[in-house]
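Chemist: Here is how the chains run, residue by residue.
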Amino acid sequence: NAGVMQNPRHLVRRRGQEARLRCSPMKGHSHVYWYRQLPEEGLKFMVYLQKENIIDESGMPKERFSAEFPKEGPSILRIQQVVRGDSAAYFCASSPRLYNEQFFGPGTRLTVL
Amino acid sequence: QQQVKQSPQSLIVQKGGIPIINCAYENTAFDYFPWYQQFPGKGPALLIAIRPDVSEKKEGRFTISFNKSAKQFSLHIMDSQPGDSATYFCAAQEETSGSRLTFGEGTQLTVNP
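So the sequence lines, in the order shown, correspond to chains A and B.
Residue 38 in this note's numbering sits at position 38 of the first sequence; the count goes up by one each step and never skips.
Residue 60 in this note's numbering sits at position 60 of the second sequence; the count goes up by one each step and never skips.
Just so you know, these hints were derived from the structure itself, not from any lab.
All the pointers check out, no bait thrown in.
Covered by chain A, per the in silico footprint, the following chain B stretches (three or more residues, Cβ under 8 Å):
| id | stretch |
| --- | --- |
| 1 | 42-49 |
| 2 | 102-112 |
SDA-like mimics (lysine to any residue), calculated; alpha carbons at most 20 Å apart, straight line:
| id | chain 1 | residue 1 | chain 2 | residue 2 |
| --- | --- | --- | --- | --- |
| 3 | B | K42 | A | V12 |
| 4 | B | K42 | A | F103 |
| 5 | B | K57 | A | E101 |
| 6 | A | K27 | B | L46 |
| 7 | B | K5 | A | E40 |
| 8 | B | K71 | B | I20 |
| 9 | B | K42 | A | P8 |
| 10 | B | K5 | A | L38 |
| 11 | A | K44 | B | E95 |
| 12 | B | K42 | A | L38 |
| 13 | B | K57 | A | N100 |
| 14 | B | K42 | A | G3 |
| 15 | A | K44 | B | F39 |
| 16 | A | K44 | B | Q108 |
None of the values given here were measured: they were computed from a predicted structure.
All C-beta atoms, glycine included, are put in the ideal place defined by N, C-alpha and C.
With the hints as extra help, turn the sequences into a complete structure.
Modeler: This is the structure:
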């Protein structure tokens, strides 16, 4: 059973470009969470999704950030018009059901030039 | 009120020593407290977790001590090994109102040979 997959592992964007981060949860997991880790800091919750639904997006910046988890395919975290402050590691986690252990992917390290 | 405070920020011990990492929280609604281990370039991996109905949980060389009245919990690593060198994060979850994890700031542990 493959673990949580994230791609790309490293992403470089120039200011103003769009960044698209993908997360494939573990097989059988329908709950996906996105967290952001700034350098030398802990992980901060961004958004929690189930298939086709955003359940909790209270940690998402109000502008430029969006997330989806379509019926088919991976979950996508989209950052429009990136700025240098968006440079961070973005981790996706999945769980088979609510209130279960969250399994983390290897992360996508975004660098904004 | 949603924060989890973790200390120390970094810790260096000799092989065989017993590093102790402490966390404190304010939100009394938190009812699940996991510890994650993260190696450089990797995602966090669940190490051990505890719920408030017990004061201690041991799994192998890792022990969580939990003090509900003080709203504090700590991780002890017995007979530490150089391979334990990693960043450790405590976290807390309020299962009754959501599935997000609130993380501490992390402790960078170095175990010298």
